[in-house]
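The listed protein sequences correspond, in order, to chains Y and W.
Position one of the first sequence corresponds to residue 1 (this note's numbering), numbered consecutively onward.
Position one of the second sequence corresponds to residue 1 (this note's numbering), numbered consecutively onward.
Treat the hints with caution; some may be incorrect.
[Said to hold, decoys possible] To be clear about the criterion: a stretch of chain W counts as covered by chain Y if any three or more of its residues have a C-beta under 8 Å from a C-beta of chain Y, and this derived list gives those stretches:
(1) 83-97
(2) 261-268
(3) 332-342
(4) 379-390
[What the hints assert, rightly or not] Residues of chain Y clear of chain W, computed beta-carbon distances all greater than 10 Å:
(5) 5
(6) 209
(7) 367
(8) 426
(9) 480
(10) 696
(11) 778
(12) 826
(13) 844
(14) 855
(15) 871
It is worth saying that the hints were derived from the structure and are not from the lab.
For every residue, glycine included, the Cβ atom is placed at its ideal position computed from N, Cα and C.
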Amino acid sequence: MAKIWVDDKWYEVNPDQSLLQACLGLGFDLPYFCWHPALGSVGACRQCAVKQFKDENDTQGRLVMACMTPVAEGTRISIKDPDAVAFRAGVIEGLMMNHPHDCPVCDEGGQCHLQDMTVMTGHNYRRYRFKKRTFRNQYLGPLLNHEMNRCIQCYRCVRYYQDYVGGDDLQAFVLRNTVFFGRQEDGVLKSEFAGNLDEICPTGVFTDKTVKAHYTRKWDLQMAPSVCVHCGVGCSTSAGERYGTLRRIVNRYNGEVNGYFLCDRGRFGYEFVNSEQRVRQAFSRQDGRLKPLPKEKAVEQLRDILKGNDRVIGIGSPRASLESNFALRSLVGPDRFFNGMSDETSRLVSLMAEILLQGPARSPSLREIEQSDAVLVLGEDVNNVAPRIALALRQSVRQQPMEMTDKMKIPRWLDFAVREAIQDQRGPLFIATPAATRLDDIATATYRAAPDDIARLGFAVAHALDYEAPVVPDLSSEVSALAEQIAQALKNAKRPLVVAGPSLNSEAVVHAAANVARALSKDGKAARLSFTMPEVNSLGLALLGGGNLSAAFKAVEEGEADTVFVLENDLYRRAPASAVDKLMQAVRHLIVLDHLMTPTASKAEYVFPSGTFAESDGTFVNNEGRAQRFFQVYVPKEDIQESWRWLIEIMKAAGHPVAASWNVLDDLVSATAAAAPVLAGITEAAPSAKFRIVGRKIPREPLRYTGRTAMHAHINVSEPKPPDDPDSPLAFSMEGYPGQPPSSLIPFFWSPGWNSIQSVNKFQSEINGPLRGGDPGVRLIEPPQVSNWLYFSAPQKAFEVRPDEWLLVPLYHVFGSEELSAQAPAIAQLAPGPYVALSVTDAARLQVNDGAQVEVKLNGNVQRLPVMVQQGLPTGVAGLPMGVVPLEGAGLPLWVRLSRS
Amino acid sequence: MEKVLTKDIPPDGSALDIKAYERAGGYQGVRKALKMTPDEVIEVVKQSNLRGRGGAGFPTGLKWSFVPRGKDAPHPKYLCANADEMEPGTFKDRLLMESTPHQLIEGMICAAYAIEADVAYIFLRGEYILSAERLRKALAEAHANNYLGKNILGSGYNLEMHLHLSGGRYMCGEETGLLNALEGKRANPRTKPPFPQVSGLFGKPTIVQNVETLCNVHHIINNGPEWFKSLSRSADGGTKLYGASGKVKRPGLWELPMGTTIREILEEHAGGMREGLRFRGLLPGGASTDFLVEEHLDVKMDFTEVQKAGSRMGTGTMIVMDDRTCPVGFVKNLEHFFAQESCGWCTPCWSGLSWAEKMLTAIEAGEGQEEDLERLAYICRFCAPGNTFCALAPGAVEPLQSALKYFREDFERHIREKQCPWR
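Go ahead and model the full structure; you've got the sequences and the hints to work with.
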């Protein structure tokens with residue numbers, strides 16, 4: 001710690017920070033623009049000026065920029081010094097000279113860092129009487145809007161986009177007061193993290209274009225702490241609603257998970273909540289067609305179906321909450337509950353869960369991933385299956401080079417100096433995947449291979465680390481050498497990391513990853529093993545348990561079950577259409593609870609309207625093993641409610657004794673926590689509904705929320721009582737405790753004078769550190785003290801090219817492969833069309849070019865698909881985009897014949 | 001007086017080729033330096049009191065001593081000649097490069113040897129096409145004669161030297177802006193620390209030095225530091241290329257002892273003002289220096305004395321203003337240049353200089369407001385050193401703040417009379 005003097009007192013602060021971070025952490029309102037906690041200091045805007053004094057006798061002092069000044073023992077500054085105050089107002093005056101009078105029509109208004117800093121410095125009158133410079137705006141895609149006149153040249157956008165994300169199609173052009181941030185020509189921004197520009201930009205240059213379709217001021221939104229449902233990383237989000245529609249998703253700072261950033265799938269994939277395909281009432285099949293019926297009737301009829309019925313099974317879902325899955329499990333009984341993942345995925349997710357539970361490697365948080373100093377990625381195209389992890393991996397390759405700049409005494413927050421000294425040096429990152437990835441540009445080495453060969457590489461690395469790990473026979477000299485190189489890099493690191501997952505449907509790859517992590521742990525290393533998970537609650541569901549889908553189908557087929565509940569799941573995405581159709585034929589009663597009228601739901605006898613994440617409370621367990629609670633944002637219209645609430649109602653109607661005492665979320669959370677020892681911690685994911693601060697609930701609405709009395713006046717001129725929320729300590733109101741609640745309950749970030757997202761500073765005790773009281777979520781899986789593990793055995797045979805067949809492997813797309821986000825129009829626009837990927841040699845072998853049609857037979861169906869020639873794809877391997885090409889439930893990898901059409 | 005830098009300049013405007021240069025004593029400095037140790041070379045330069053002639057005047061030997069040397073030093077190390085002469089009113093480096101390109105090369109080899117550099121770049125202003133042509137030829141000659149490349153003159157010292165043409169912009173002449181430009185980045189400056197000696201070009205130890213400064217190095221090695229100090233009339237060693245432009249009888253460049261007075265340069269060498277014109281003021285070191293007026297004519301042109309008089313020697317090339325030139329227009333022209341050349345990084349520079357230019361344009365056109373002079377003075381304070389990221393804006397406001405001090409009446413007349421009284 002170091003002592004610094006600010007205005008009239010001494011303070012103790014962390015000496016590894018800049019003075020600006022120290023002052024902000026102490027709660028001082030010091031304005032800034034170009035500094036960002038994740039990007040460090042560059043000293044461009046000059047906004048954070050303070051007066052620095054040599055000692056107590058120095059009465060003159062000189063202006064310095066707090067962001068560029070190190071914290072040293074005895075540093076003396078004044079924030080209130082009149083020269084500093086005047087200078088800071090002068091900087092705003094400089095920015096305002098060219099800034100348009102857009103506030104009333106600017107999306108940023110009400111959450112604008114420039115507005116906040118302008119008010120903070122006290123600048124008001126404009127002395128500049130000349131013309132303002134203007135720009136032509138660019139089309140940047142369906143996700144972000146571009147309005148360059150508002151730019152204050154803080155350079156945050158290009159620093160984030162180029163330096164942090166590694167993108168190259170957003171640049172600074174021109175100079176002086178006419179710097180233009182944009183692309184060389186109009187076009188969709190290539191990076192899947194471009195959406196964060198909305199929050200990085202302190203003004204309204206880059207704003208969320210999807211919000212424009214239903215624009216709402218931040219102060220007018222009703223918001224709740226939520227979790228992104230579009231992949232297994234489970235980033236914390238803040239979701240906002242008004243007039244019954246979901247308006248936007250923004251990042252919710254979680255120091256252990258997503259930090260300051262989301263990916264574009266998570267930020268823009270929310271429109272499925274507002275989709276016309278939403279199921280909003282209960283439906284039953286009457287005269288062969290699904291027709292709405294009153295919910296009481298629906299529940300009654302279900303009661304009758306269930307009466308004396310012991311042939312009921314339930315199929316859960318990895319995209320449904322733990323509580324909903326548990327409620328279904330309770331309704332049907334644990335031995336009649338099936339987890340609803342495809343067979344292959346179910347097997348792999350359970351295997352990965354087992355490996356993490358057994359130890360000894362630790363499942364790292366995203367922050368720990370960022371701090372890893374050597375990484376091996378086996379099989380996962382991280383940018384597309386767990387995008388936020390890819391962004392963390394990009395930062396991880398700076399770890400080892402920063403040890404060098406530490407020795408040069410360059411503070412880590414002095415961003416450009418660190419980057420200049422590092423140049424192109426990078427820590428070790430090895431990527432083994434069938435196709436090219438967007439992390440390849442920073443990889444030490446890449447290995448393009450079929451799944452079995454990727455596994456063999458992993459096993460070889462483990463053997464190179466520890467001779468007791470299984471040998472891989474017949475390894476080529478190149479792969480042996482690569483394995484040796486990787487092993488050395490991991491061995492020499494302090495915090496090595498292995499990343500793998502179920503994406504290639506390969507048990508061998510998962511085994512290999514485990515072997516590597518275990519071999520490293522034997523060395524005494526703090527080895528980390530991160531498994532990606534396909535969906536938001538895949539790991540949670542695996543920890544809860546449940547049989548696989550084939551067993552469910554078999555039960556129906558063999559007459560053991562004739563009533564099937566399907567929870568938030570489209571079975572046609574999980575199994576071959578023929579198998580699902582067979583189930584549909586054989587089943588007597590099919591009851592589906594879901595948000596959208598999926599192909600499965602449209603064939604059901606009963607459909608119940610499930611609340612989405614925005615309309616429900618519940619718990620998800622992410623790929624780290626972190627249980628996180630998400631909260632209802634608003635009370636949905638019509639009959640929509642949580643799946644678990646439907647199931648409780650049905651159970652109560654059917655006289656199920658267990659459900660008698662279940663009424664609110666807490667009841668179910670406790671019951672779920674008791675279902676398995678590993679789930680016990682989920683009760684700590686958030687305070688119970690009884691939690692109050694000085695007797696008050698936490699308001700979902702900002703103090704300035706408008707229209708409350710007028711909103712329902714067309715229905716009834718008397719303002720209705722705000723809805724009760726028995727499930728959480730949050731209130732559907734602006735009334736409640738105005739201060740900082742526990743981090744899992746923060747619905748939005750705001751602080752007096754800080755209307756923008758920069759207000760996050762006020763919620764941290766140290767900038768860029770945890771939220772006060774700890775970051776949201778509870779880790780459920782820690783490596784045990786004693787771990788009795790064994791090495792998995794290696795696949796014996798290498799991949800062999802076949803003369804007339806190709807091994808079809810799954811390829812993933814951040815836009816298009818995930819079920820729910822693909823329903824958002826902007827995401828759908830960016831998703832690729834169907835294709836089959838072929839290597840250059842294979843395309844030549846088949847005598848096809850890019851775009852030519854080939855025929856692929858999948859599960860008896862012939863599909864004609866255009867070819868996409870991909871450099872680097874191994875010979876004999878073809879790729880199919882998941883979620884884009886109808887797979888008919890075929891399990892990839894699969895050997896297929898391909899022929900030119 | 002003894003000329004050093006200009007003694008062998010061919011009077012016909014041609015360049016000395018390598019043979020002529022060697023006949024005149026060229027490359028003896030390199031031979032001598034290679035027999036010394038790098039530390040010895042630095043010591044000699046330190047003792048000579050050679051100060052940088054690019055404008056900042058930092059002691060050269062001291063600057064080099066911060067470069068890490070010895071077997072643990074990072075490599076490659078770089079020497080960059082700042083040949084981006086873009087300070088308005090400055091044309092001294094151009095003369096040296098066009099007429100004695102080998103003098104620059106020899107100086108660079110000695111300097112590179114002193115800091116154990118592996119690669120040297122001449123960062124040349126792109127518009128200096130004649131210099132480019134002649135430097136290219138000279139570099140080829142130097143390579144062919146084993147003064148560059150591997151094992152120079154059998155000493156075991158290797159040095160690559162390249163000519164790089166700048167894509168343009170004044171900011172490339174700023175030491176760290178030059179480094180960024182050379183790396184292919186936008187020519188924004190960097191903060192110091194870390195200094196280029198520690199993390200410079202491509203993050204490696206680098207020295208950036210002005211052309212005129214480098215041209216002195218081998219002379220110091222040949223003749224010793226005492227000789228160099230003896231050439232000067234002040235504490236700063238050596239001679240200086242002084243220049244004068246504006247409506248003087250003989251605008252030009254003269255190599256004179258460091259510390260020659262302004263009066264001597266202006267009246268003896270430049271011949272005084274043209275017929276019918278009187279001296280009003282001058283910018284002693286190029287556009288980004290404060291005006292000096294009649295009372296300062298006996299100030300010695302060296303780094304210290306000019307500073308005491310309230311200005312800077314800068315590059316030593318004076319821009320002279322006569323009594324029939326409108327000071328408002330004069331300053332507006334300069335601020336137009338600086339506003340145009342602002343790199344756009346820090347707020348006071350990119351916002352303030354443009355505002356100043358607009359006000360000066362309005363004042364010149366008779367559309368000035370009374371408050372404009374207060375606003376212009378405010379901009380000068382706003383752009384003070386430390387308030388901005390680099391020295392461009394503080395330099396840019398020097399002619400403006402001094403014009404407001406010495407020629408305020410002219411500004412006021414424009415505003416009161418709603419027109420330029422000089423028309």
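Hints versus structure:
{"no.": "1", "hint": "83-97", "verdict": "violated (count 0)"}
{"no.": "2", "hint": "261-268", "verdict": "violated (count 0)"}
{"no.": "3", "hint": "332-342", "verdict": "holds (count 4)"}
{"no.": "4", "hint": "379-390", "verdict": "holds (count 5)"}
{"no.": "5", "hint": "5", "verdict": "holds (20 Å)"}
{"no.": "6", "hint": "209", "verdict": "holds (27 Å)"}
{"no.": "7", "hint": "367", "verdict": "holds (27 Å)"}
{"no.": "8", "hint": "426", "verdict": "holds (14 Å)"}
{"no.": "9", "hint": "480", "verdict": "holds (33 Å)"}
{"no.": "10", "hint": "696", "verdict": "holds (43 Å)"}
{"no.": "11", "hint": "778", "verdict": "holds (43 Å)"}
{"no.": "12", "hint": "826", "verdict": "holds (32 Å)"}
{"no.": "13", "hint": "844", "verdict": "holds (37 Å)"}
{"no.": "14", "hint": "855", "verdict": "holds (48 Å)"}
{"no.": "15", "hint": "871", "verdict": "holds (26 Å)"}
The structure fails to meet hints 1, 2 from the earlier list, while all remaining hints are met.
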